[in-house]
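**Q** Chain by chain, the residues run as shown.
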Amino acid sequence: MAHTERRDAPGLPDFSLLKRLARDQLIFLLEQLPGKKDLFIDADLMSPLDRIANVTILKQHEVDKLYKVELKPIVSSSDQLCFLIRPRIQTVKWISDLVNSDKVAGRFRRYKIIFTPQKFYACETVLEEQGVYGDVTTDEWNFYILPLDDDILSLELPEFFRDNFLEGDQRWVTTAGSALHLLQSVYGSFSKVYGIGRCAKMVYESWRELMEEGEQRTRQPEFAKVFLIDRDVDFVTPLCSQVVYEGLVDDIFRIKCGSVEFGPDVTSSDKSIKVMLNSQDKVFDEIRNEHFSNVFGFLSQKAKNLQTAYDKRRGMDIQQMKAFVADELKGLKQEHRLLSLHIGASESMMKKKTKQDFQELLKTEHSLLEGFEIRECITHIEEHINRQVSMIDSLRLLCLLSITENGLLSKDYKSLKAQYLQSYGIEHLLTFANLRQLGLLEEQQAGETLTVMESKVGKLVTDKTVGKLTDAFSSLAKKSNFRALSKRLALVPKSGEEYDLRVPRDMAYVFSGAYIPLSCKLIEQVMERDGWTGLEEVARMLNGQEFAVTEARNKTDAQRIVLVMFLGGCTYSEISALQFLGKERGCRFIVVTTAITNSARTKSAYKNDF
Amino acid sequence: MSRAKPEDDEYWNSSKFKAFTFDDDDDEFSRLKESKRAVNSILVDDDEDEDDVERVSWSGEPVGSISWSVKETASSIRSGSEQSFPKIDTTPSLSKQGSGYSLSSLFKGNLYDLSPEETVRRMQKGREFSLEKFRSLQDKLLLLDEAVAVYDGNLITAVLIYLNKSLSKEILFRELMARDVALRHYVHYLKEMGEQKLLLNWLPLYFKQLMQYKEHLNIKDEGRRRDFLKSCLGLPFSQDDATHVQDHYTLLERQIIIEASDKKADAEIFKKFPRKASILNMPIITTLYYSCFYHYGESEGTFSSPSNIRKTFRISEKQYILTALGARAKLKSWFDVDSLFNTKNWLGYTKKRSPIGFHRVVDILQKNSAPVNVLQEYVNLIDDPDLKLSGALKYKCHDIVINTYRDLKDRQELVVYREKLERDSPEYRKIQDLLNNVQIRWKN
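Quick note, the sequences are listed as chains A and B, same order. The working numbering puts the first residue of the first sequence at -11, with every later residue one more than the last. The working numbering puts the first residue of the second sequence at 36, with every later residue one more than the last.
Just to be clear, a hint being listed does not mean it is correct.
What the hints assert, rightly or not - Per the computed footprint, the stretches of chain B lying under chain A, defined by three or more beta-carbons under 8 Å from a beta-carbon of chain A, are:
| # | stretch |
| --- | --- |
| 1 | 190 to 201 |
| 2 | 210 to 222 |
| 3 | 246 to 257 |
| 4 | 351 to 357 |
Claimed, not checked - Simulated crosslink set (DSBU-like; lysine-lysine; CA at most 35 Å straight-line):
| # | chain 1 | residue 1 | chain 2 | residue 2 |
| --- | --- | --- | --- | --- |
| 5 | A | 60 | B | 298 |
| 6 | B | 200 | A | 189 |
| 7 | A | 7 | B | 160 |
| 8 | A | 244 | B | 160 |
| 9 | A | 81 | B | 168 |
| 10 | A | 259 | B | 402 |
| 11 | A | 60 | B | 226 |
| 12 | B | 455 | A | 351 |
| 13 | B | 387 | A | 402 |
| 14 | A | 340 | B | 365 |
| 15 | B | 386 | A | 402 |
| 16 | B | 346 | A | 399 |
| 17 | A | 399 | B | 379 |
| 18 | A | 81 | B | 243 |
| 19 | A | 351 | B | 353 |
Treat the hints as calculated values from the structure; they're not laboratory data. All of these numbers come straight from a predicted model, not from anything done at the bench. The C-beta atom is built at its ideal place from N, Cα and C for all residues, glycine as well.
Only chain A is shown next, with the shape it has when bound in the complex (with noise of 0.2 Å):
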């Protein structure tokens, strides 16, 4: 059922070395505080601590009470309070006036924090504005990189892409360049680097000048080349519904660092259990990247071998039974446990997913990539709104029309803002104000001749001068150019032919074979092509910004390793495309990206909040 693998395909480096220096670090900075203390940490910060260390380890170095950080005033009777948190200017004023409160009281404690990844100097002046500057210590935790799996490494920090994209703060710029410099002092370094987007341009910069300041090593590169893409290069792809297992699992369950939460329905008693998805899972590994619709028969499979192998105790001797027990019984639990639960999930989701609602959501979506029935997608997402159903699935409609079309005629973003408005909530204004800054949901404007006329004066004038003008007009509108740049990429196959999910062909088979994911489409042509050449005019239409570096010659199978890192954010939907591009061309994928997300974590990050 998995797709077939290369058999040369290379091996996997160890990331679970990122986990133990993480680790290592965390305690050293425990210890800085010796003697018994309180640990507040951020909620966000939970789970991905779990991943690395528990409470045994935590209490070993003298953690007493462990607190959520609720910005609200505490219970703690411990003499020293530790603050384990993300560099928050408002969790920062919490602390302050929490030292400062205690002042008053008359109370002394140590207070210590610890900002991870690091530090911002933002966060150091509100200390010093609230006169706690010295009272409390500060420190970092460089915990860049947690792996969530063999090949897939996050960043955790679901704010880089608002930070970046819509408020145009850079300061995870260089933590982004941090991480790769982690990656590449443990791993080795790399012999090419691609990219394309302003912030991975800036990631790049920030990387080598760690690189140029770091003693240079040695050694044999563990990966051969990097690509780094910014998340708005392609917005369409995060927009879509996802129909690869993960993919759908995440956006029914959410999928959070990792681990799910399977509600009752799933575990069919009264119980929620928790699982880790990730490749130890042999059921879930087998299915994690198939098309949904293939997923039942290979349970029921799966299921029938089980019972198989189960009825083999019938007519065994006691020692068979002996050796059965003591061989074979507990993996057979184990996966008839997980397949149980997988079972479950996916009768879950079918119920959701077959619903007359859900295939209309797909067959508008897909009409929508094709560029097929416009007028009818329009009354379609007007009835989804004023049916007042979900309003993250009006809106992700909505963004996708915006995109696919190089914006809305005026007329209809007026008539589908004031029903949206009508519908959700008036104070959704902010919601589209935002949209419309990071040209997700806009307006077509006069300037819709700008590309017209750009490619008329083109030919007429010098290339520099070309230059100039693009960059003008390029921050007048700057365009989607989606439909250009399906058509130039082969994004949306051609209608009417026959697509066999279950024997993919290409990467589309993500998206029911309607559309190949514009991000890694990019990736496949620049790793074919080693390079941007042939790729010049795709590039123009994604707004420039591409780069290719070569740093280090040695050719080694390592150069059969290319780590893709998203700034902004990726889908499981594209780590399963590239899984499969990997498999057909004999190489091998690893995904950093700043966190994983999907429709609704895309749209909750901007919404109502100016």
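Since the structure of chain A is already known, use the hints to place chain B on it.
**A** Just chain B now, with coordinates in the frame of chain A:
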């Protein structure tokens, strides 16, 4: 650096601990010991981890996980006060912070001679630096541009914090207008610091109104919120947004009136279907639904009537029908449902028309468990023959199914369908009659 033993050296190379940079270089030896101890403790833990089946607590969290433990603490707080008697301060109050910088602070004089490039470089490396010597506007801007040039948001903000303190806002904003990257960092910083007022004074118009409007979300009291929205009406929004903000104000104003009267209303409908929540701050369409549910048939003159809301907020016919249908079907007022679609032509005949597809109407009716005779009428009105047939099959509207197959002259399907029916039911007999009818020319 003193790396005493060969095995220590080995550890350094194999674990690549150098990836991390700590500020204080002087204490490397003790760090080494720490790390060694840390590595040893890992081995112990690995043993514990061997059991691959996670132990899970009653709440579903793995026992011993951080999330589990935090919950445990939370519950123990509730159970009793743990305040202990405050201890006397015995440790020296002098802070140890910045001990790593102490050496470089001896050369403080030098820090003042550094160029913008050198200063930014020191900042990048986390060394001590001083910005105070950048006093002329030109120097300040050079410093800012240098921070922008190295792409480090943290440094850009650091320089901006200094400029914020040492330049008048007027000059600072004037200069930032020509520096987009720096401006955005500054705006973000002010937002995070909660400096709304400063922003509102200095930001370009477009951002300003929305930011002011956003403030309403922080006002809990509905009366004050309404007044605040009213104060937003004068802001120079774009034409469309001005309409929306006006709507927002009108909506809340009406909702407050409706809420006040419905809270103590004792009409039959409120007793039969008690309100589950207040109508305040609900979207327009939810308000319309509420009004169709509780205030149907009121005259247009009252604020709470559906027709008034429809008119005030320019709600499309399609949207209105959809919402009213939902509300009336929920109440099983099939008569009201009927009259929503009835139109009279000039001869006085009534005919059913709908701006939304009748298949959608059927969906909604079915979800509200409409009786078969009601469903049947609407299934019959579905335009698309395929949708009609599938609807009829799904909701067991036998007559429609039979007639459709008859019209299609599909004898085989009729035979199949007959088998699903109860013998001697009227439908069964109807099929029987059709099959016996020699005048029909079946296609199969």
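**Q** If a hint holds in the structure, say so; if it does not, say that too.
**A** How the hints compare with the structure:
no.	hint	result
1	190 to 201	holds (count 5)
2	210 to 222	holds (count 5)
3	246 to 257	holds (count 5)
4	351 to 357	holds (count 4)
5	A:60 - B:298	34 Å, holds
6	B:200 - A:189	32 Å, holds
7	A:7 - B:160	25 Å, holds
8	A:244 - B:160	34 Å, holds
9	A:81 - B:168	29 Å, holds
10	A:259 - B:402	30 Å, holds
11	A:60 - B:226	21 Å, holds
12	B:455 - A:351	33 Å, holds
13	B:387 - A:402	31 Å, holds
14	A:340 - B:365	23 Å, holds
15	B:386 - A:402	33 Å, holds
16	B:346 - A:399	21 Å, holds
17	A:399 - B:379	32 Å, holds
18	A:81 - B:243	26 Å, holds
19	A:351 - B:353	22 Å, holds
Every hint from the earlier list agrees with this structure, and none is contradicted.
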